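There are 2 protein chains.
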Amino acid sequence: MTESRQIHLVRRPNGVPVDADFAVVAVNTPDAGEGEVQLETVLMSVDPYMRPRLNADQPLDRPLLGGGIARVAQSRHAGFREGDLVRHGAGMQERFVSDGRGLLVLKPDPDLPLTVYMHALGGTGITAYGGLLEVGALKDGEQVFVSTAGGAVGSVVAQIAKLKGCYVVGSTGSDDKAAWLRDVAGLDAVINYKTSDLAPALEAATPKGIDVYFENVGGAHLDAALPRMNVRGRIPVCGMISTYNGGGEGVRNLFNLIYGRVRMEGFVASDFPHLRERFETDMTAWLKSGQIKYQETVLDGFERAPEALIGLFEGRNAGKMLVRVRD
Amino acid sequence: MTESRQIHLVRRPNGVPVDADFAVVAVNTPDAGEGEVQLETVLMSVDPYMRPRLNADQPLDRPLLGGGIARVAQSRHAGFREGDLVRHGAGMQERFVSDGRGLLVLKPDPDLPLTVYMHALGGTGITAYGGLLEVGALKDGEQVFVSTAGGAVGSVVAQIAKLKGCYVVGSTGSDDKAAWLRDVAGLDAVINYKTSDLAPALEAATPKGIDVYFENVGGAHLDAALPRMNVRGRIPVCGMISTYNGGGEGVRNLFNLIYGRVRMEGFVASDFPHLRERFETDMTAWLKSGQIKYQETVLDGFERAPEALIGLFEGRNAGKMLVRVRD
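Taken in order, these protein sequences are the chains called Z and C. So for the first sequence, the working numbering puts the first residue at 1; every next one is plus one. So for the second sequence, the working numbering puts the first residue at 1001; every next one is plus one.
Note that these hints are calculated values from the structure, not bench results. A quick note: this is a predicted structure, and the numbers were derived from the prediction, not measured. Take the hints with a grain of salt, since some may be wrong.
Incomplete in silico selection of chain Z near chain C, CB under 10 angstroms [claimed, not checked]:
1) G165
2) Y167
3) C238
4) M240
5) R252
What follows is a list of derived Cβ distance ranges for each label pair [what the hints assert, rightly or not]:
6) C:G1165 / Z:A179: 57 to 67 angstroms
7) C:V1231 / Z:V105: 22 to 32 angstroms
8) C:V1231 / Z:T195: 53 to 63 angstroms
9) C:K1107 / Z:D271: 16 to 26 angstroms
10) C:E1134 / Z:R182: 33 to 43 angstroms
11) Z:L104 / C:G1165: 39 to 49 angstroms
12) C:D1057 / Z:R232: 15 to 25 angstroms
13) C:R1012 / Z:A204: 56 to 66 angstroms
14) C:G1141 / Z:S270: 21 to 31 angstroms
15) Z:D175 / C:G1165: 52 to 62 angstroms
16) Z:E277 / C:G1165: 54 to 64 angstroms
17) C:K1164 / Z:A204: 46 to 56 angstroms
18) C:P1227 / Z:D271: 34 to 44 angstroms
19) Z:S270 / C:D1183: 58 to 68 angstroms
For the chain Z half of the interface with chain C, some residues (derived, Cβ under 7 angstroms), not all of them [unchecked claim]:
20) D21
21) V237
22) T243
23) V262
24) M264
Idealized CB from N, CA, C, for every residue including glycine.
Just chain Z, with the same shape it has in the complex (with noise of 0.2 angstroms):
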């Protein structure tokens, strides 16, 4: 047995979720029994897909649901050994018993620092991957617009579209993002949606039009996108944060949809396991590189939880958002 903590939703949030949503609660951990390990978590992973969740699947008084690293601190298991490192989908817990099920060891590039394994080489890159080549049938030199480029999923998606020798327009909330887009990453051209008015900015940065819309934010972004997609153009559809917390105007130019014979398409992260293999050598070459740069924002400390949360719908992240729990 050992004194541990998790994270709860202790009600459902109503627009931006506050403080009051959650709650850190004290909890003691048996023992791994015959065939269990005991994990202790390294990394939890913060992503906006959390947020629709808080209102739907997303238990009351339960940990938080989410994706993490842990460590293996006891083991009576024959898959794992003590001081194992698997990916788990356990929710948020500082430690916590498994069976096994859903633990996936995992063995770190030793050049490569573990918390990239939470981003480009864990959920967000496979799904910028997956969603951008496969969803988004990205053809070379194409002409591309991401939204919210400067997060976890957006600038990696930014970044393959330009080792792909595209055209690639970014847009994101902040200078300060906008100038790692342009300097660091590499962007052709970068909107600060809060400065400028979007659909003006986006039609003067996209002379050539849109072939590839990756959708992140829905509402005005795709509103300013869709009179720019060229005929049978795509728009893969990750996220739409903007209508995550009740907000948001509704769209109003989906006619452009018909003339262009676009192609709208939804995917979740879970859609690429044939792209796994590539993916992971792929993305582990271009990180050793350099030609994938990427940005953290790394909160210290179990409890924090929930302001990384908060924060993430605030903007108040640059790149993956990320708790770190222990080394």
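Fit chain C to the known structure of chain Z by using the hints.
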């Protein structure tokens, strides 16, 4: 030289078009020169797609863009004989001269009325056929929702889906159309969206969700359909008539695309030349056997074309709206 008439757009409509936006203009049509034919219009097609063009590529003070069936009145062209019927896209002209480009000789089946070549065997028919079977990738036995199911496209979509063993729900704007869809076309459920609350009515009518939503309307219809879409559902986007006159609400439920992995895709009638032969064989058989039924609203008199177009947007048609110029 023959006295003739044209229907012109004389100013851009603001909202639903009104009579004063159009003019019936007297002209003199020259005789056919060498290599030319002079044609007399028999039938003119009146379609929802015409509305957005009135504020876009339709020139002012020129014949309204559109298609019809005409008879060769004079021929000095080796490819056409006097009396031949042709399909054309020469717009709303009572009589006109052509060098033959864009004319397709029509050999109507003697067991079918000529008017069907303007709808079920014309542009609206192949729009329904290609949109449902190719863009919508309909599979036998699926759950289908068709908006404006009483219209020229929707009524064919709904009946093809029934022929494919699907469960079919249609929406329409009058009790008369609803009765026809239920009693004559054989739909499983019909919603009069003007007298019922669309979203709960659609939910009640689609206990197994929706695999294919054939989109003709946009706005509130799309918002009602999105939460009902099954995983890997398809939304072929044929039209968005609710937005053409500038009205309608923005669409708020697009985030349903994501977890549902739903695909929305626009298309137009001319996207399906590769399906033309199969379409004509299938549809001729379906019409002759009575498996596809239709309604027509035929206004007699060339000068009634503006009335027909305005009436279309006010829902005064049952099925395909046509103008008959001569027998």
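Okay, the hints, checked on the actual structure:
no. : hint                                 : in the structure
1   : G165                                 : 26 angstroms, violated
2   : Y167                                 : 23 angstroms, violated
3   : C238                                 : 7 angstroms, holds
4   : M240                                 : 4 angstroms, holds
5   : R252                                 : 5 angstroms, holds
6   : C:G1165 / Z:A179: 57 to 67 angstroms : 58 angstroms, holds
7   : C:V1231 / Z:V105: 22 to 32 angstroms : 30 angstroms, holds
8   : C:V1231 / Z:T195: 53 to 63 angstroms : 39 angstroms, violated
9   : C:K1107 / Z:D271: 16 to 26 angstroms : 49 angstroms, violated
10  : C:E1134 / Z:R182: 33 to 43 angstroms : 42 angstroms, holds
11  : Z:L104 / C:G1165: 39 to 49 angstroms : 42 angstroms, holds
12  : C:D1057 / Z:R232: 15 to 25 angstroms : 20 angstroms, holds
13  : C:R1012 / Z:A204: 56 to 66 angstroms : 26 angstroms, violated
14  : C:G1141 / Z:S270: 21 to 31 angstroms : 27 angstroms, holds
15  : Z:D175 / C:G1165: 52 to 62 angstroms : 58 angstroms, holds
16  : Z:E277 / C:G1165: 54 to 64 angstroms : 40 angstroms, violated
17  : C:K1164 / Z:A204: 46 to 56 angstroms : 47 angstroms, holds
18  : C:P1227 / Z:D271: 34 to 44 angstroms : 20 angstroms, violated
19  : Z:S270 / C:D1183: 58 to 68 angstroms : 46 angstroms, violated
20  : D21                                  : 20 angstroms, violated
21  : V237                                 : 5 angstroms, holds
22  : T243                                 : 5 angstroms, holds
23  : V262                                 : 5 angstroms, holds
24  : M264                                 : 4 angstroms, holds
The structure does not agree with the numbered hints 1, 2, 8, 9, 13, 16, 18, 19 and 20 stated previously, though it agrees with the rest.
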